[in-house]
Amino acid sequence: MKYRLLYFASLCDAAGCAEEVVASDATDPRALYAELATRHGFTFAPDRLRVAINGAFTDWNRRLADNDEVVFLPPVSGG
Amino acid sequence: MFSISEASIDVARLRRELESAGTGAAVCFEGRVRDNNDGRAVDGLSYQAYVELAEAEGRRIVDEARGKFAVEHVVCVHRIGDLVLGDVAVWAGVSAAHRTAAFDACRYVIDQVKARVPIWKREHYVEGASEWLHPEAR
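Protein chains in written order, with the numbering used here: chain A, 58 to 136; chain B, 20 to 157.
Just chain A, same shape as in the assembly:
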């Protein structure tokens, strides 16, 4: 399946891009993050991140669908 990834803050720096489309056999965010962490050298453990799919927060075990927009959100620092 294909997923569209958006990256923010230090994940964007690590990935070297703000977005990309990836082909993957991962069927949930947990497996997809593990794959991307290996490829891009992400150092955050999953329990420090939140995940959003198609613009809404969701959980790590949600089933992904083809063309989903997936975002792994590092700890926020607004304000």
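Everything hinted at is true.
What the simulated footprint calls covered on chain B by chain A, stretch by stretch (three residues with Cβ under 8 Å from a Cβ of chain A suffice, anywhere in the stretch; the number is not a length):
1) 59 to 71
2) 96 to 110
3) 133 to 143
The hints are simulated quantities; they were obtained by calculation from the structure and are not laboratory data.
Note that beta-carbon positions come from the ideal geometry of N, C-alpha and C, so glycine has one too.
Given chain A, put chain B in place with the hints provided.
Frame of chain A; chain B shown alone:
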């Protein structure tokens, strides 16, 4: 009302959004860019947001504040982009019939925005380096 803004925050305009005849109290919080953090000299900040989700989550926080406290108007705007010392990074304002609800709701909004809304801050240090802040949960 919650929004993410690329333009500098017009505090006077936002304050007017708090006005109505039944409000005897207005409380606002201005978060400004300061010149130091954790012992390092700072000369500017850059903010990045996942705008679609930040605005949705910010609106949820405003709605929560309206449900929890006896308030009339709740307004919050957060900047993105490059900011210099003294710039307003976030503005939260609440009006209510009485001051207790206004103070409590304003505090609620800014605390929740800082904890939950997908916005990230990059500090630029006087010595030249810069880095994203990813604080541990408080």
